[in-house]
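Student: What follows is each chain in one-letter form.
2 protein chains.
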Amino acid sequence: MSLIALGTVALDHVKTPSGEKKDILGGSVAHFAMSARLFTKVHLVAVVGYDFPKKHIDHLKQKGIDLTSLIVAKDKTFRWRGEYKSGDLNTAVTLETVLGVLMSYEPRVAEHQKDLPNVFLANFDPDVQMKLLSLMRKPKLIGLDSMNLWIEHKRPSLLKLMKQVDLFVANDAEARSLTGENNLIKAAKQLRKFGPKLVVVKKGEHGVLFYSDRLKFSFPAYPVEEVIDPTGAGDTFAGGLMGYLSKVGKTDERSLRQALIYATTLASFNVEGFGMAKTEKLTLPAVHKRMKEFINFISC
Amino acid sequence: MSLIALGTVALDHVKTPSGEKKDILGGSVAHFAMSARLFTKVHLVAVVGYDFPKKHIDHLKQKGIDLTSLIVAKDKTFRWRGEYKSGDLNTAVTLETVLGVLMSYEPRVAEHQKDLPNVFLANFDPDVQMKLLSLMRKPKLIGLDSMNLWIEHKRPSLLKLMKQVDLFVANDAEARSLTGENNLIKAAKQLRKFGPKLVVVKKGEHGVLFYSDRLKFSFPAYPVEEVIDPTGAGDTFAGGLMGYLSKVGKTDERSLRQALIYATTLASFNVEGFGMAKTEKLTLPAVHKRMKEFINFISC
Numbered sequence: 001m002s003l004i005a006l007g008t009v010a011l012d013h014v015k016t017p018s019g020e021k022k023d024i025l026g027g028s029v030a031h032f033a034m035s036a037r038l039f040t041k042v043h044l045v046a047v048v049g050y051d052f053p054k055k056h057i058d059h060l061k062q063k064g065i066d067l068t069s070l071i072v073a074k075d076k077t078f079r080w081r082g083e084y085k086s087g088d089l090n091t092a093v094t095l096e097t098v099l100g101v102l103m104s105y106e107p108r109v110a111e112h113q114k115d116l117p118n119v120f121l122a123n124f125d126p127d128v129q130m131k132l133l134s135l136m137r138k139p140k141l142i143g144l145d146s147m148n149l150w151i152e153h154k155r156p157s158l159l160k161l162m163k164q165v166d167l168f169v170a171n172d173a174e175a176r177s178l179t180g181e182n183n184l185i186k187a188a189k190q191l192r193k194f195g196p197k198l199v200v201v202k203k204g205e206h207g208v209l210f211y212s213d214r215l216k217f218s219f220p221a222y223p224v225e226e227v228i229d230p231t232g233a234g235d236t237f238a239g240g241l242m243g244y245l246s247k248v249g250k251t252d253e254r255s256l257r258q259a260l261i262y263a264t265t266l267a268s269f270n271v272e273g274f275g276m277a278k279t280e281k282l283t284l285p286a287v288h289k290r291m292k293e294f295i296n297f298i299s300c
Numbered sequence: 001m002s003l004i005a006l007g008t009v010a011l012d013h014v015k016t017p018s019g020e021k022k023d024i025l026g027g028s029v030a031h032f033a034m035s036a037r038l039f040t041k042v043h044l045v046a047v048v049g050y051d052f053p054k055k056h057i058d059h060l061k062q063k064g065i066d067l068t069s070l071i072v073a074k075d076k077t078f079r080w081r082g083e084y085k086s087g088d089l090n091t092a093v094t095l096e097t098v099l100g101v102l103m104s105y106e107p108r109v110a111e112h113q114k115d116l117p118n119v120f121l122a123n124f125d126p127d128v129q130m131k132l133l134s135l136m137r138k139p140k141l142i143g144l145d146s147m148n149l150w151i152e153h154k155r156p157s158l159l160k161l162m163k164q165v166d167l168f169v170a171n172d173a174e175a176r177s178l179t180g181e182n183n184l185i186k187a188a189k190q191l192r193k194f195g196p197k198l199v200v201v202k203k204g205e206h207g208v209l210f211y212s213d214r215l216k217f218s219f220p221a222y223p224v225e226e227v228i229d230p231t232g233a234g235d236t237f238a239g240g241l242m243g244y245l246s247k248v249g250k251t252d253e254r255s256l257r258q259a260l261i262y263a264t265t266l267a268s269f270n271v272e273g274f275g276m277a278k279t280e281k282l283t284l285p286a287v288h289k290r291m292k293e294f295i296n297f298i299s300c
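Just so you know, the sequences run in chain order Y and U. For the first sequence, position 189 (counting from the first letter as 1) is numbered 189 according to our numbering, and the numbering increases by one without interruption. For the second sequence, position 120 (counting from the first letter as 1) is numbered 120 according to our numbering, and the numbering increases by one without interruption.
Simulated from the structure, these hints should not be mistaken for laboratory data. Where hints are given, some of them may not hold.
Copies of the same chain are indistinguishable here, so a pair counts whether it falls within one copy or spans any two.
Calculated cross-link-like contacts (lysine to aspartate or glutamate; reagent style EDC-like; alpha-carbon spacing at most 20 Å) [claimed, not checked]:
1. Lys55 to Glu96
2. Lys85 to Glu20
3. Lys247 to Asp115
4. Lys114 to Glu181
5. Lys247 to Glu181
6. Lys250 to Asp115
7. Lys247 to Asp166
8. Lys216 to Glu226
Quantities reported herein were computed from a predicted structural model and do not represent experimental measurements.
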């Protein structure tokens with residue numbers, strides 16, 4: 001079943017110990033869509049500026065991503081410049097952000113998109129995420145991601161939004177800061193109390209923890225030896241998770257475990273190249289090959 | 001098959017966010033033996049002082065641990081005082097150590113113990129570890145643990161010793177500092193090059209990574225909600241690992257995976273109480289019950 005996803009589309013300038021890339025396609029929903037497209041039709045809801053390169057638009061279209069609700073506005077495209085230092089590839093240091101078109105963005109979707117059953121709110125201002133949600137007529141599965149900026153500055157909006165979603169995805173630092181709990185199991189439990197029935201805590205190189213009333217489980221990460229650029233790994237992970245759940249149309253134990261294995265595998269590809277250099281080339285057979293290896297890696 | 005293990009026996013004074021305990025039984029080989037005894041006969045090789053409480057000796061004996069080679073020397077027992085701060089229960093801050101009997105200790109073992117097939121060198125000065133190894137006549141499986149102190153101050157001795165062991169156990173910080181590699185897969189690969197065929201990297205709350213020429217795999221940790229005192233978790237882990245491998249007498253893939261599941265499960269009990277309060281009460285049925293739960297937690 002199709003999936004509609006809101007988030008940022010950006011031009012990234014990234015520096016890591018492996019090199020530096022300017023003006024590459026980035027943003028939460030761009031990474032998300034490039035991953036989720038492997039499983040289902042993805043409708044993207046976002047805004048770019050007049051300076052956004054046509055090649056990126058063509059590229060997203062060519063990957064089968066529906067751009068009906070991608071607005072081209074009269075301001076500059078959102079830009080992010082960041083750096084990862086050797087020795088701590090888990091943490092991005094933001095050097096500059098140019099908000100541009102994000103400052104006055106109101107999400108809009110086409111009439112026929114309002115009935116789509118699966119909704120993902122990739123990292124964005126929670127008030128904007130809420131606006132998209134209010135446009136949807138009968139969402140069946142709603143997923144949400146956020147970041148420390150919103151946890152610190154828009155906590156009430158985020159908590160209000162959390163009451164309305166089914167699935168919440170957070171990294172370990174976000175889970176801790178949102179709940180005030182250092183122990184991740186306790187943090188996940190607390191996130192559950194905030195509303196979402198399904199809680200996913202991403203631990204970067206240490207894997208993932210899943211928590212619901214009935215189920216809890218955990219997987220390590222796929223063992224990547226050469227991390228080139230972690231930007232978008234969390235969004236790529238979320239894309240695999242929501243993409244697979246949308247495809248199968250259910251959230252039973254088997255589907256959830258499978259979705260998290262897909263998510264982990266996709267994220268492992270993401271970090272092996274700058275931006276989405278690796279994920280944009282992916283096909284399902286390549287994903288399945290690595291998944292098989294990963295399942296062997298974690299089997300007991 | 002029986003197991004002989006060298007290491008420290010200590011009187012610990014531990015403070016954690018959950019409380020404070022003085023003069024409790026601790027030390028690398030005491031924790032190790034309390035865990036490994038669940039699988040096989042453990043012969044302990046260590047030294048204590050004239051002030052070592054008889055109740056601790058009786059307790060170890062009562063648990064079936066062979067104390068033939070526990071020397072009672074004419075100095076004070078080794079003491080360690082440490083604290084774990086709220087928010088970082090992975091890291092002990094050492095406040096005081098009284099070396100006492102450790103300063104002049106030379107390991108000795110009884111004649112009949114020299115033919116024991118399984119040897120574990122729990123954390124200790126690598127020169128002392130080497131001395132025990134030189135006493136053993138036909139070791140079949142040799143395991144080794146160390147710590148940052150020796151990595152920094154006795155690196156040549158440690159590297160020499162690593163050439164002679166089969167199994168090396170390190171935590172993530174030790175693996176990184178010994179190899180200079182930040183990426184743990186690369187660090188594990190490098191540790192393998194130092195000699196040991198089987199490399200185990202413990203990642204605390206994030207689980208474990210196993211590496212050999214032919215095999216690599218990883219498990220998350222058991223999800224403990226209330227960590228009371230992590231002291232000895234690594235030794236307890238090693239006790240489960242070596243204890244099980246000694247019991248089955250082989251290191252094939254199945255046995256290694258099973259041994260690491262046991263090790264993880266045992267370590268999870270250890271952190272739920274001060275010192276060895278939890279592990280000393282353990283029986284195999286209780287371990288198996290939690291293992292079943294753990295296997296469900298990590299199954300894909």
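Student: Are the hints correct? Go through all of them and say.
Tutor: To see whether the hints hold, each was checked on the structure:
no., hint, in the structure
1, Lys55 to Glu96, "neither (24 Å within a copy, 64 Å between copies)"
2, Lys85 to Glu20, "within (12 Å within a copy, 39 Å between copies)"
3, Lys247 to Asp115, "within (16 Å within a copy, 61 Å between copies)"
4, Lys114 to Glu181, "neither (37 Å within a copy, 50 Å between copies)"
5, Lys247 to Glu181, "neither (34 Å within a copy, 40 Å between copies)"
6, Lys250 to Asp115, "within (18 Å within a copy, 59 Å between copies)"
7, Lys247 to Asp166, "within (16 Å within a copy, 47 Å between copies)"
8, Lys216 to Glu226, "between (30 Å within a copy, 16 Å between copies)"
Hint check: violations occur at hints 1, 4 and 5; the rest are consistent with the structure.
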